[in-house]
Each structure stands twice: as structure tokens, then as C-alpha cells.
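*Asks:* Heads up: the protein sequence lines correspond to chains Y and H, in order. Anchor point for the first sequence: position 51 equals 51 in this note's numbering, and the numbering is continuous, going up by one each time. The number in this note's numbering is simply the position in the second sequence, starting from 1, with 141 added.
Treat each hint with caution, since some may be false.
[Unchecked claim] Every beta carbon over 10 angstroms from chain Y, so not counted as near; a handful from chain H, in silico:
1. R174
2. P212
3. H226
[As the list claims (entries may be wrong)] Pairs of lysine to aspartate or glutamate residues, derived as EDC-like cross-links and limited to a Cα-Cα distance of at most 20 angstroms, are as follows:
4. H:K241 x Y:E17
5. H:K241 x Y:E80
6. Y:K100 x H:E207
7. H:K241 x Y:E66
8. H:K195 x H:D213
9. H:K241 x Y:D72
10. Y:K100 x H:E248
11. H:K241 x Y:E113
12. H:K241 x Y:E48
13. Y:K100 x H:D146
14. Y:K100 x H:E221
[Said to hold, decoys possible] If you want a taste of the chain Y side facing chain H, the calculated C-beta under 10 angstroms gives, among others:
15. L3
16. L8
17. D9
18. G18
19. R33
20. Y37
21. D72
22. F82
23. D90
24. L115
Read the hints as simulated data drawn from the structure, not as lab findings. It should be emphasised that the depicted structure is a prediction, and the values quoted were computed from it without experimental measurement. For every residue, glycine included, the Cβ atom is placed at its ideal position computed from N, Cα and C.
Listed below, chain by chain, are the residues.
Number of protein chains: 2
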Amino acid sequence: MRLSDFELDVMQRFWREGACSAPEVHQAIAHARDVTYSTVKTVIDRLERKGALKRSRQEGRTILYEAVVSPDAVQQTMLERFVAHVFAGDRRPLLNHLLKDEQLTVEEYRYLERLLARHRSRHTSGVAEVAEVAEVESGDD
Amino acid sequence: MRLSDFELDVMQRFWREGACSAPEVHQAIAHARDVTYSTVKTVIDRLERKGALKRSRQEGRTILYEAVVSPDAVQQTMLERFVAHVFAGDRRPLLNHLLKDEQLTVEEYRYLERLLARHRSRHTSGVAEVAEVAEVESGDD
DNA sequence: GACCCACCTCTACAGTTGTCGACAATCTAC
DNA sequence: GTAGATTGTCGACAACTGTAGAGGTGGGTC
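Construct the entire structure; sequences and hints are all you get.
*Replies:* Here it is in C-alpha cells:
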């Protein structure tokens, strides 16, 4: 599923909050950016037509929508396209950009170290995977 | 600098090859995709108008163009936009997508390990940076 | 039961993007 | 120097994107 910038911004709300109404999404976005209700509603309509959202239920006259596509699926697709065009398919410069100049926050950096630790263990012993996964997902230290 | 998918595909040629003519770019792209010369030339024209390409010299009637913007600058900008919209600003799910399910090739994985080794050394001792950098950039093993 | 507000529907519009054809200019090879 | 091929110029067009206004309508309030 290929989505535009604004469509992605809107989808983020649904991915985080679950079912939302158009006015709710508008208020949330209007917090950060100056945009009218009409604009937000139009994008929601388009997302519905694309099959990214569906009407889940109605409260009075207000329609509640919910995501049909998962963030993972969309992100995976978008990432592949991104790497293909921006980096000509080579992820090394992407990794370089991500790691250079303190681009990562401390949390992101720790997360990466854990992911790699898990990766290494998967490719050496192949055991203790459950524990590794749990450690990474919990995010504690 | 914000560039579209096709514009990026075209820029890749200039970043790799240096100065190129429109017919050259067309032939290179037509290898992989069925697209007319007109289409490629139109995109080159737009890149010129955007200031991403400039005419470097002429051979007979044929115009040679070259990149004005660096891949690094474009990639950095594009990456920021990408993370902001696709991942709501959090790079952790991006790292997760990159590392899961053998997405990385062996070379990319090794490259990442080296980048991280360098990163670690920068943040512990702070010495031997020159050697670390040289090791990463050379890419040998 | 009239009114106002919140919310929906529909239409519109300009800028971008991918795509190309028509036609003009020039070069090259006889 | 003339014809065919090459390359450039220009205009066009449909789909997508961000943006919004006009106007209808259900629903609660006094």
C-alpha cells in the first residue's frame, strides 16, 4: 500500500489510537498544523476509498473509522520503495546516514544494539531466542 | 531538496557516472524499464529547473548534464521526511524493519557492525578514530 | 418546533508526477 | 547537398496530492 505524506500522518492517528472520528483526527492534527476540517476529511475519504481505512461504527451522526492496513505492512512497502529510489537499492548508505552525527537518540541506539545482539545470537548458537526477543521488545535496561 | 521517485532514478545515473547526456540516461533506464526518450528528457528538464542538474557542456548538439546536488544532501533530506511521516519520527521501528528477516545482505550487515564498532569507540575512548574510519570506509574484511 | 452547531457530502482547483507525441533543428553518411 | 537518424523543444494529459469552500442535515436546546 502506497500512501502520501499527509495520508501517512492521518494513518498514524488510527494506528496509535484505534477507531477515531474525522473531527478527532482534525483536532489532533490542527494542534500541530493549521489545516481545516475539510482537508482532513477529504484525506480520510481518500484513505477509505483506497482501502486503508473503513467505517467501524457510528455515534449519532459521527462516523468512526479504523485502520484496515497494518503499520508494518505499509512501512515495509514504503521502505522498499524508499531504498530502491533514494539509495539505488543499497542499504549501506542508509545505515550510514542513520548512524552518523548522533542522528540516533540514546534509546534508538540501545534498541539497535539489542537488535544486533539478538541477530548475532540467532546466527551463532541459535538458542535462547525467546529470551532475546523478550529482552528487545521490553526495551528495559 | 525533494525529488520524486523517477527523478531520483535519474539522479542516480548522474551521481554514479558524472556528466551524462539525455540519450545516455534514457538508454540506461530503458534497459530496465520501458520508457520513451521524451519521458526521460522531460524529467531531466524538470531536474534542471529545480536546480538539481545543470548543463555542463555540449558535444555537437548533445547536451551533457551533471548533478548540482550531492547524494548525501538529498538522501539526508529524504530520510528525514521519510522517518517523520512513515514512522512518526521514531527510528526504532525503522531499525526493526531493516534488521528483521534477513533483510540485510551479508555486506550490509558487516558494514553495520563496523559502523557500530566505530560509534562505540568514539563514545568510550575517543581515540583511534582515524583507523576506525579507514577500516569502515575500505569495506574489506 | 425553530434554531444553531457539528458533521458530512460534494465539488473544485492548483501544483506535482509520470507519461508521451508532434515537430523542429542538426548532424552524418552517402 | 540531400535524406535519414538523432537530439532537443514544447505542449499536453491523466492521476495524485494538498487544500479548501458551499451547502445540506441530523440532533440537541430552549
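*Asks:* Now tell me if each hint is right for this structure.
*Replies:* Status of each hint after checking the structure:
1. R174: Given a closest Cβ separation of 12 angstroms, the condition holds.
2. P212: At about 7 angstroms from chain Y, P212 (chain H) fails to clear the 10 angstroms cut-off, so the statement is violated.
3. H226: Not fine: 4 angstroms to the nearest Cβ puts H226 (chain H) too close to chain Y.
4. H:K241 x Y:E17: Violated. K241 (chain H) to E17 (chain Y) sits at ~25 angstroms, over the 20 angstroms cutoff.
5. H:K241 x Y:E80: Given pair K241 (chain H), E80 (chain Y) holds - Cα atoms ~13 angstroms apart, limit 20 angstroms.
6. Y:K100 x H:E207: Violated, because 27 angstroms separates the two Cα atoms, which is more than 20 angstroms.
7. H:K241 x Y:E66: It is violated: about 27 angstroms lies between the C-alpha atoms, which goes past 20 angstroms.
8. H:K195 x H:D213: It holds: about 18 angstroms lies between the C-alpha atoms, which stays within 20 angstroms.
9. H:K241 x Y:D72: It holds: about 12 angstroms lies between the C-alpha atoms, which stays within 20 angstroms.
10. Y:K100 x H:E248: holds (18 angstroms)
11. H:K241 x Y:E113: At roughly 14 angstroms apart (the allowed maximum being 20 angstroms), E113 (chain Y) and K241 (chain H) satisfy the hint.
12. H:K241 x Y:E48: violated (30 angstroms)
13. Y:K100 x H:D146: Distance of about 25 angstroms is beyond 20 angstroms: violated.
14. Y:K100 x H:E221: holds (13 angstroms)
15. L3: holds (8 angstroms)
16. L8: Given a least distance of 4 angstroms, the restraint on L8 (chain Y) holds.
17. D9: holds (6 angstroms)
18. G18: violated (15 angstroms)
19. R33: Nearest chain H Cβ about 12 angstroms off; hint violated.
20. Y37: Y37 (chain Y) check fails; min Cβ-Cβ to chain H is 21 angstroms, beyond 10 angstroms.
21. D72: holds (8 angstroms)
22. F82: Status holds, d = 5 angstroms.
23. D90: Constraint on D90 (chain Y) satisfied, holds at 8 angstroms.
24. L115: Holds, about 5 angstroms.
Of the numbered hints stated above, those contradicted by the structure are hints 2, 3, 4, 6, 7, 12, 13, 18, 19, 20, listed in ascending order.
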